[in-house]
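S.K.: Go by the hints and put chains R, Z, X and S onto chain D.
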Amino acid sequence: MSIPWLPISIIGTAVAFYVGFKNNQAYDRLWEARKIWGAVVNSSRAWGSCVKAFIINKHAESPMSEDELFAVKKKLIYRHIAWLYTLRNQLLIPTPWEHISQNGLVAMVTRRRMKETGVGLYDDGQIENILGEFLPLDEKDRLIAYQNTATQIIDQQTSDIANLRDEEFLDGFKHIKLQGILNDLYDHQGKAERIKKFPLPRQYGAASFIFTGIFIFLLPFGMVSEFHKLGEFGSWVSIPFTVLICWVYITMELIGDYSENPFEGLSNDIPMLSLCRVIEIDLKEMLGEEHIPEGIKAKNGVLM
Amino acid sequence: MSIPWLPISIIGTAVAFYVGFKNNQAYDRLWEARKIWGAVVNSSRAWGSCVKAFIINKHAESPMSEDELFAVKKKLIYRHIAWLYTLRNQLLIPTPWEHISQNGLVAMVTRRRMKETGVGLYDDGQIENILGEFLPLDEKDRLIAYQNTATQIIDQQTSDIANLRDEEFLDGFKHIKLQGILNDLYDHQGKAERIKKFPLPRQYGAASFIFTGIFIFLLPFGMVSEFHKLGEFGSWVSIPFTVLICWVYITMELIGDYSENPFEGLSNDIPMLSLCRVIEIDLKEMLGEEHIPEGIKAKNGVLM
Amino acid sequence: MSIPWLPISIIGTAVAFYVGFKNNQAYDRLWEARKIWGAVVNSSRAWGSCVKAFIINKHAESPMSEDELFAVKKKLIYRHIAWLYTLRNQLLIPTPWEHISQNGLVAMVTRRRMKETGVGLYDDGQIENILGEFLPLDEKDRLIAYQNTATQIIDQQTSDIANLRDEEFLDGFKHIKLQGILNDLYDHQGKAERIKKFPLPRQYGAASFIFTGIFIFLLPFGMVSEFHKLGEFGSWVSIPFTVLICWVYITMELIGDYSENPFEGLSNDIPMLSLCRVIEIDLKEMLGEEHIPEGIKAKNGVLM
Amino acid sequence: MSIPWLPISIIGTAVAFYVGFKNNQAYDRLWEARKIWGAVVNSSRAWGSCVKAFIINKHAESPMSEDELFAVKKKLIYRHIAWLYTLRNQLLIPTPWEHISQNGLVAMVTRRRMKETGVGLYDDGQIENILGEFLPLDEKDRLIAYQNTATQIIDQQTSDIANLRDEEFLDGFKHIKLQGILNDLYDHQGKAERIKKFPLPRQYGAASFIFTGIFIFLLPFGMVSEFHKLGEFGSWVSIPFTVLICWVYITMELIGDYSENPFEGLSNDIPMLSLCRVIEIDLKEMLGEEHIPEGIKAKNGVLM
Amino acid sequence: MSIPWLPISIIGTAVAFYVGFKNNQAYDRLWEARKIWGAVVNSSRAWGSCVKAFIINKHAESPMSEDELFAVKKKLIYRHIAWLYTLRNQLLIPTPWEHISQNGLVAMVTRRRMKETGVGLYDDGQIENILGEFLPLDEKDRLIAYQNTATQIIDQQTSDIANLRDEEFLDGFKHIKLQGILNDLYDHQGKAERIKKFPLPRQYGAASFIFTGIFIFLLPFGMVSEFHKLGEFGSWVSIPFTVLICWVYITMELIGDYSENPFEGLSNDIPMLSLCRVIEIDLKEMLGEEHIPEGIKAKNGVLM
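Chains as they are written, first to last, in the UniProt record's numbering: chain D, 1 to 304; chain R, 1 to 304; chain Z, 1 to 304; chain X, 1 to 304; chain S, 1 to 304.
So here's chain D without its partners, still in its complex pose (with noise of 0.2 Å):
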């Protein structure tokens, strides 16, 4: 049995539409996402640079010896390190629509590609253990047990350094900067959360999905009659071919399926891991600090 081309090439223009605008939009967020973590950085870079020139004596009340003064700027800084990992630990964690957690098949092969090529390559260790790293104990404890321990970390830079400014060891003009900062950070954590929170809208990856599964289980009847004209042996000549646009067509789809969420934790998410430790790494320079962490080095090709 065949048909003729026409229908086909019909549906094939809303598959084309929907396919398209599910790559395109699906890379945006990827590229915004990266824009977020980008930012970060930027903002890491300035905190540091900014806590560490800032804090000063001169009109304190009652000045610190620089020993401690050195502690309360590592400590804001070594914080806001302990901020990255927690901003990075819950942006892991899935959500209802992703790969992980549908059924059966995808979570599994899903499951084998995170430990294969995604964030299984590196033993990062349990967040509690890193916040260890960063936090006082006391700290750590309190902090972890809210719901939005990203948020509440940085509420906690808020009040420390209005603490600072109140004793006088930071003027008007730094701590507003300062809180400049802190509010910036809470627009990329706000920013990154909202890509996580809320997917390519269903309706239209929906759409893009069905039309195509429409289009591939069509494309065989119009195959053959293409082909038949070619003679008898051309309806078998039409099979590889069949494959072969399949193949092409569903790994569009799947390209834009696998984009779509930057913070999944597989093999072409925004490189998480490697940014903390860059900021980390770059922190811990200004600090002066001797042990000085190696950066993340690609696994199979694979940067985390």
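Worth double-checking, as some hints may not be accurate.
Same chains, same label: a pair holds when it works inside one copy or across any pair of copies.
Stated by the list, open to error - Restricting the straight-line Cα-Cα distance to at most 16 Å, the calculated cross-link-like pairs of lysine to aspartate or glutamate (EDC-like) are:
#1 196 x 98
#2 75 x 160
#3 58 x 166
#4 73 x 289
#5 299 x 116
#6 58 x 171
Calculated directly from the structure, the hints in this document are not laboratory data. Quick caveat: nothing in here was measured; it's all calculated off a predicted structure.
M.R.: Relative to the frame of chain D, chains R, Z, X and S by itself:
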């Protein structure tokens, strides 16, 4: 009777342009709306955190007790939560061009959809009751009488922090920072109102609708002539395909139509209730409250 | 006589590009214009709210009575409303390339459309009378004589708040915040003027018009040859289809053409009068006035 | 000799992409250039208004007379007008890739077009004379000798207001606000220079040109084979159609080509002279001058 | 052997989408990179101009001589120039996905292109030597040892201006303004690094490459069947056309490929060396130096 395919395909070009245009712009409106509410989240966190840390007795002319000070902060933060729910409520009031305001069948279907897969899923109470929780009684009655309550709530905040500045609970820097956040809230509110009150221009929406209608009307005549080539039986075979294609194109048109207005209270809208609650939780945790409400959970896969 | 379809379809590609381009850019101009007026709303609310809260006697060299203080605030807010209506008025002055300035028939039709479905629907009075309500008499006469009245109104505001600063009714922080809002208003005004005074570049608009003309001229010859295949009767059948397609393409061209200039005073324009009134209401409510004007209501489905 | 249509249509796809790309990007460059000059207008108004209102005797160490004070303000505002004309002048210096710098015929035609429908229409005098009107003589000679005069004019402004700050004619708030406007001017200048000095990348422009050339070269062979189906006479009929299509595609290519560089001094460019004059008028009216120059009027439908 | 055109044209749709996507995104990356460097220019001018005008003796605790003051300013401005060249240098370090890092032939050709039409055209010396010109010796050695030298140079600037603030050579307003410029520089640096370190996602680039490959592989079979209609001789005629089309599509693919990474050191890149020199000239002229270096001139039509 049958007609050649050519004139249909030329009209198809116009259909493709406008349906694609409508889908793209509708998505842009939806995504911008989500960005605006994301910005509301970020500004809200900054507001809570700064209010908590900024207001101090140190330079005040007549210092308050710790409890009074806390009460002042809590009032400012609770009034902000009142603003959130008020804004949501104002954005849900139907406009004349939304589906609920249309005639007969469309309105009926929309009402059912709102109840079963939209705002109706959540018994979120009357706005008066919600405001009663977050505003003093007399203030609530006064504010609710204004034509645009949300605008006047922020005006009240402006007035309050100006008074705190006068009495030196805030210095000039902090005052202007807080005022800056309030002005940002005016921006967010105005942007959300812009999307609500300025629909996709009717000339574009109507072109999409009319051209799709013409296309679907002409489609069967063109399909018959194509399928006729398969023999007499072909004409009958054309029927399911015509129906399928019509379904695809009507679906495309409807996807644009229902994404266009992201504050209608239907299942594809911005989940404003959920976002209000997220902020409420963060702010109450900042205040150290004991009774933290639960986050809004998706019902039937719909998050409002 | 008939010609093959091919050359027509190649020209059709050029038509599709330019008509699509024109529609897209015209929509972008319209939407940007709406965003600018949305920003005017936001800045206006911030202006009203800040003026009301900021100006105080506390540090003033020669304090005013409560009534005098209120009068000062009211003058600043009323002058702002005057700026709004002036800006609207300036944006409605026709430019040489708008439809009202064209020859003969187009101008006549446009005049009728303006009267029946445009600005003519609202008897909004002469701008002099409106300004008389919001400005002192001598100031009105002076300001109206300038080449760009709106610019000089803001200059007057700048001058007034600088004086308030000198006399210490404002501190430096508040002064700069208010000045910042005035500079934002210059931005909004300049952006609106940019859209008004820089049309869609003529080379693009003309290409769209000319190529559509060529396409429509050649269309019948191509259609005849296609329909001729249905038999002799086919040539006659081609007529209604040719007319339909021409209508579709002329409609597309016109949609772009009439969306292009969003400040012409026609039905698809930015509803500036309505927005001015919305702001007027909000500001008067902030001032606690008793006689709040009604919002502008749509007439015949048209909101100006 | 004739060839099948297919290979031509495949190349046509590449042509469509690059010609469309070039048109879109050229328009974006033009529109961004207009936005930048719009921002220059806005910043200029803010500069004039703020300079006029900010500089006061009140806290000055050695107060000036009213006339001296006015002279200081006028100098700052006039020097700004000098900057405007200097910027325009610098942007009109031809780059190696503009039409005027090309060989033989193109340069000759461009020179004629500049004279008849471009900058040549306005005898706007030598830049030295214009600067002579707005700058003191010694300053003019010094500034004009720099490699980038516009940059150094703003540097001079920076220096002047810093001095006014030192002598307490400005407080810290006002000083920083004025400096902020100067930094914005650096931004606007740099953005305009970016568009001037970084053409549409050659690889894209060349692809558009070459592919269009191949397409137009192959077109006649394809057209002949199509028209041949109409009978022997058809071959001759194909000639006018081939010419028409070539004209359409060359026009498309040229529209992109001439919109690409918006500061060439040709008729479709940004009307910089007119914008400079608009600002000059606004600023002179702010200064209360008596001799306000006329606005630039369009000549032969061309506004420069 | 020959196959029908249809399956090839369906794959052609996928090719068109991805090749077009790659070209568009590559251009966006290139243009964003140019914008970032444009912003570097603007911030650099502001830095030079503000440093020169802001630092004064007036309120200083222990005033410096004029020469000492000038030396301080010169150090800050020269260190900024060092930052520029350092940033350029860091952006030119090859990443694993750039052409120079690929295997065999591609790397060899790229090396030759870099030498003949890329960075190799300019003997711009070792970065150590350049830094030696603009930094004190001990500082140079210390800064160059950091993992990210550019970051730490700005940290040094932050530290220096904080010291100047402490010693009251700067007031609070000016200090924060200068710090704001430094934070902007962190933004620019981070944005450039984002483009350098986050390539066009591999899933998109690979799809473009693979689908083009399949298309080009199938093309001859389809062309033969088309040209065969011209008679037996036609098969031979199809060869040059097939080659031509392959060349067009490979060119399209390569244009995207080479525009994608705008900091590779090849001829279509951002002319960073030239921009660094432009800034160096402006800043040295601001300092009133006598030996102003020449601007970089294009060699063989290539500006680096």
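S.K.: If a hint holds in the structure, say so; if it doesn't, say that too.
M.R.: Tested hints:
1. Within a single copy, residue 196 and residue 98 get their C-alpha atoms as close as 10 Å, which meets the 16 Å cut-off; across copies the closest is 29 Å, which misses it.
2. Taking the shortest Cα distances, residue 75 and residue 160 sit within 16 Å of each other inside one copy (10 Å), while across copies they are farther apart (23 Å).
3. For the homomeric pair residue 58 and residue 166, the shortest alpha-carbon distances inside one copy (14 Å) and between copies (8 Å) are both at most 16 Å.
4. Taking the closest pair of Cα atoms, residue 73 and residue 289 come within 16 Å of each other only inside a single copy of the chain (13 Å); across copies the shortest separation is 30 Å, beyond that limit.
5. Taking the shortest Cα distances, residue 299 and residue 116 sit within 16 Å of each other inside one copy (10 Å), while across copies they are farther apart (35 Å).
6. When the C-alpha separation of residue 58 and residue 171 is checked against a cutoff of 16 Å, the pair qualifies both within a copy, at 10 Å, and between copies, at 15 Å.
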